[in-house]
Amino acid sequence: MLLSARQVSRSFGSFVALANASLDVGEGEIVGLIGPNGAGKSTFFNCVAGDIPPTTGRIVFSDIDVTRASAATHARLGIGRTFQVPATFEEMSILDNVMVGAFLRHHHRGEARAAAREIIEFTGLKALAESPAKSLGTPGRKRLEIARVLATEPRLLLLDEALAGLTPTEIQEAIALVRRIHAKGVTIVIVEHIMEVILTLAERVLVFNQGLTIASGKPRDVVNDPAVIEAYLGRRHARDPGAHAP
Amino acid sequence: MIFIGILVAGLFVLYPWVIADDFYGRMGADVLLAAIGASAWNILGGYAGQISVGHAVFFGVGAYLPLLAFTHLGLPPVAGVPLAVVISLGVAIVIGLPTFRLHGHYFSMATIAVAELIRIAISNWDYVGAATGLMGPAVSRTWLDLSFRSPIPYYYLFLVVLACLLLLTWHLQRSRMGYYWRAIRAGERPARSLGVPVARYKLYALLLSAAFTSLAGSLYSLMVGFIDPESGFGILRSVEMIIIAALGGAGTLFGPLLGAVILIPLQTTTNSLFGGGGSGLTYILYGGIIVILARFEPGGLLDLARRIAQWWSRRREGVAVRHAA
Numbered sequence: 001m002l003l004s005a006r007q008v009s010r011s012f013g014s015f016v017a018l019a020n021a022s023l024d025v026g027e028g029e030i031v032g033l034i035g036p037n038g039a040g041k042s043t044f045f046n047c048v049a050g051d052i053p054p055t056t057g058r059i060v061f062s063d064i065d066v067t068r069a070s071a072a073t074h075a076r077l078g079i080g081r082t083f084q085v086p087a088t089f090e091e092m093s094i095l096d097n098v099m100v101g102a103f104l105r106h107h108h109r110g111e112a113r114a115a116a117r118e119i120i121e122f123t124g125l126k127a128l129a130e131s132p133a134k135s136l137g138t139p140g141r142k143r144l145e146i147a148r149v150l151a152t153e154p155r156l157l158l159l160d161e162a163l164a165g166l167t168p169t170e171i172q173e174a175i176a177l178v179r180r181i182h183a184k185g186v187t188i189v190i191v192e193h194i195m196e197v198i199l200t201l202a203e204r205v206l207v208f209n210q211g212l213t214i215a216s217g218k219p220r221d222v223v224n225d226p227a228v229i230e231a232y233l234g235r236r237h238a239r240d241p242g243a244h245a246p
Numbered sequence: 001m002i003f004i005g006i007l008v009a010g011l012f013v014l015y016p017w018v019i020a021d022d023f024y025g026r027m028g029a030d031v032l033l034a035a036i037g038a039s040a041w042n043i044l045g046g047y048a049g050q051i052s053v054g055h056a057v058f059f060g061v062g063a064y065l066p067l068l069a070f071t072h073l074g075l076p077p078v079a080g081v082p083l084a085v086v087i088s089l090g091v092a093i094v095i096g097l098p099t100f101r102l103h104g105h106y107f108s109m110a111t112i113a114v115a116e117l118i119r120i121a122i123s124n125w126d127y128v129g130a131a132t133g134l135m136g137p138a139v140s141r142t143w144l145d146l147s148f149r150s151p152i153p154y155y156y157l158f159l160v161v162l163a164c165l166l167l168l169t170w171h172l173q174r175s176r177m178g179y180y181w182r183a184i185r186a187g188e189r190p191a192r193s194l195g196v197p198v199a200r201y202k203l204y205a206l207l208l209s210a211a212f213t214s215l216a217g218s219l220y221s222l223m224v225g226f227i228d229p230e231s232g233f234g235i236l237r238s239v240e241m242i243i244i245a246a247l248g249g250a251g252t253l254f255g256p257l258l259g260a261v262i263l264i265p266l267q268t269t270t271n272s273l274f275g276g277g278g279s280g281l282t283y284i285l286y287g288g289i290i291v292i293l294a295r296f297e298p299g300g301l302l303d304l305a306r307r308i309a310q311w312w313s314r315r316r317e318g319v320a321v322r323h324a325a
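Quick note, the sequences are listed as chains A and B, same order.
Numbering-wise (the numbering used here), the first sequence opens with residue 1 and increments by one.
Numbering-wise (the numbering used here), the second sequence opens with residue 1 and increments by one.
Any given hint could turn out to be false.
What the hints assert, rightly or not - Below, a list of computed lysine to aspartate or glutamate pairs in the EDC-like style, where the Cα atoms sit at most 20 Å apart:
hint, chain 1, residue 1, chain 2, residue 2
1, A, 134, B, 297
2, A, 134, A, 90
3, A, 134, B, 303
4, A, 218, A, 29
5, A, 134, B, 188
6, A, 218, A, 91
7, A, 134, A, 111
8, A, 184, A, 51
9, A, 218, A, 203
Unchecked claim - Here are the computed distance ranges between Cβ atoms for each label pair:
hint, chain 1, residue 1, chain 2, residue 2, range
10, A, 121, B, 174, 21 to 31 Å
11, B, 132, A, 11, 24 to 34 Å
12, A, 117, B, 20, 52 to 62 Å
13, B, 72, A, 14, 58 to 68 Å
14, B, 291, A, 173, 44 to 54 Å
15, B, 189, A, 227, 54 to 64 Å
It should be emphasised that the hints constitute simulated quantities derived from the structure, not laboratory data.
Glycine included, each C-beta is placed from N, C-alpha and C at the ideal position.
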């Protein structure tokens with residue numbers, strides 16, 4: 001197992017955001033995390049990325065216990081992540097943004113620059129390399145975030161709604177990019193609201209609701225699971241399909 | 001670009017030959033000294049984005065140690081400089097470790113509090129001259145006292161130090177260190193996610209910044225030959241570094257130098273025009289600059305110049321296109 005998260009819980013004060021979530025990800029997999037808003041997927045995601053330590057539980061990445069390790073250590077070990085709201089370095093150029101990531105493995109400026117250029121080309125940002133990040137729109141920023149984290153040469157890539165807010169065409173392009181990244185041998189965990197994305201990309205999904213993992217399995221099976229339908233559409237709706245009519 | 005650089009460097013080297021009297025010589029030295037202080041602050045406040053309003057602490061340590069070495073040990077003041085740097089680094093670590101846990105305004109406020117506490121402590125400590133301060137050697141005993149009548153030797157000493165500082169900053173801003181600093185300034189959370197050890201790199205910035213600010217303080221007391229708590233540790237000292245850096249452009253290599261070239265002559269002029277009553281005017285000037293910068297030009301003058309140049313080249317392209325059409 002590349003990643004093994006066991007019984008991970010996280011509380012904020014008395015509020016339990018995440019209870020006993022477990023996930024194993026094998027090398028080369030694409031796993032989706034889905035669930036309605038506030039379901040705990042982002043909390044789980046942030047625990048795995050090292051942004052917030054879990055209250056209880058254990059997270060092991062390629063045989064190293066990373067439960068309490070810092071976000072920077074996660075990056076160094078090979079766990080990369082993007083942010084739900086793009087957190088690009090606004091004043092810096094796109095090339096410089098990606099170079100910050102590249103400096104993790106390449107300590108010299110020239111090597112980091114060369115590595116960054118290669119990734120900028122791979123992610124289709126070449127024409128804009130010298131423009132500041134703030135000149136990009138949402139799709140560009142999401143793409144830049146992916147480029148930047150790829151520059152850290154991760155073995156496991158955590159994508160947090162990297163495709164949300166994109167147009168259907170942009171989504172297709174983004175799906176193609178994720179496939180190319182996967183083809184390079186990067187294992188991917190993806191949080192996504194858009195079912196289309198999960199259904200086309202993920203081999204396995206984990207469904208969250210109110211801090212609990214309520215289902216897991218193949219995407220096609222999971223979307224037909226009554227518990228999942230209830231989580232998304234509500235119990236009243238699930239019991240009485242006509243309830244939404246006036 | 002290189003041509004402009006050589007031209008400006010040439011102007012700085014030749015300046016003492018061009019001007020005739022000591023008044024302008026001293027003003028030139030003051031400009032360079034302010035540029036050293038602001039450039040030192042710029043490493044932490046500009047590149048790494050940690051707005052310290054307590055840099056007077058390092059300036060004060062740097063200013064006091066040489067005169068302490070002279071007063072208590074009879075050594076040439078310059079002997080206190082290395083010790084001042086070492087103490088400043090120690091103080092930087094002691095202040096930095098707890099205050100770096102704070103973000104944004106909270107960090108700035110904590111640095112003010114620390115600096116003011118130290119100023120009050122120094123004002124009441126007889127060994128360091130309490131409120132009256134310390135004097136340097138009245139007449140030069142040996143050349144090692146670095147006590148000159150003319151401001152010109154100081155001018156060149158400061159110019160060499162500034163050149164070294166800018167060269168070092170230039171090298172760092174192009175290296176991994178500089179990229180990590182800018183990333184931290186832009187966002188600590190994403191920086192961490194890319195493997196930047198944020199706390200460590202902030203501390204590096206603080207240590208470098210403190211060492212050179214301390215050196216600026218030492219150079220000040222070597223030239224002036226006198227220091228008291230207000231001129232060493234006063235909050236105006238910290239504010240001056242910030243204003244100068246921000247005026248020219250914080251986080252740019254030459255911003256602090258540009259800021260010093262503009263602000264120091266302005267300050268000298270107001271002081272000489274209004275005499276002793278002019279010192280209060282400095283505060284008003286600083287206040288006005290803060291308001292104008294914050295409202296209109298948060299990027300400083302270099303940023304403004306860059307945008308004007310961009311606007312101009314676009315305009316010219318536009319004209320060329322219209323002529324072609």
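Hint check:
1. For the hint linking residue 134 of chain A to residue 297 of chain B, the alpha-carbon distance of about 18 Å falls within 20 Å, and the restraint holds.
2. For the proposed pair residue 134 of chain A and residue 90 of chain A, the alpha carbon gap of about 5 Å is at most 20 Å, so the pair holds.
3. For the hint linking residue 134 of chain A to residue 303 of chain B, the alpha-carbon distance of about 16 Å falls within 20 Å, and the restraint holds.
4. Only pairs whose Cα atoms come within 20 Å are accepted, and residue 218 of chain A paired with residue 29 of chain A is accepted, the gap being roughly 12 Å.
5. At roughly 17 Å between alpha-carbon atoms, residue 134 of chain A and residue 188 of chain B fall within 20 Å of each other, so this suggested pair holds.
6. Between residue 218 of chain A and residue 91 of chain A, the direct Cα distance comes to roughly 42 Å. Violation of the 20 Å bound is thereby established for this hinted pair.
7. At most 20 Å may separate the alpha-carbon atoms for a hinted pair to count; residue 134 of chain A and residue 111 of chain A exceed this at roughly 25 Å.
8. Between the alpha carbons of residue 184 of chain A and residue 51 of chain A the distance comes to roughly 26 Å, so the proposed pair goes past 20 Å and is violated.
9. In summary, the hint linking residue 218 of chain A to residue 203 of chain A is supported, as the alpha carbons are separated by about 6 Å, within the 20 Å threshold.
10. For residue 121 of chain A paired with residue 174 of chain B, a C-beta distance near 22 Å keeps the hint of 21 to 31 Å intact.
11. Here the CB-CB span from residue 132 of chain B to residue 11 of chain A is close to 58 Å, at odds with the stated 24 to 34 Å.
12. Between residue 117 of chain A and residue 20 of chain B the beta carbons are some 54 Å apart, a value that agrees with the proposed interval 52 to 62 Å.
13. Between residue 72 of chain B and residue 14 of chain A the Cβ separation comes to about 60 Å, which falls inside the hinted range of 58 to 68 Å.
14. For residue 291 of chain B and residue 173 of chain A, the Cβ-Cβ distance of about 46 Å falls inside the hinted range of 44 to 54 Å, so the restraint holds.
15. Against the hinted window of 54 to 64 Å, the Cβ-Cβ separation of residue 189 of chain B and residue 227 of chain A comes to about 34 Å, which falls outside the hint.
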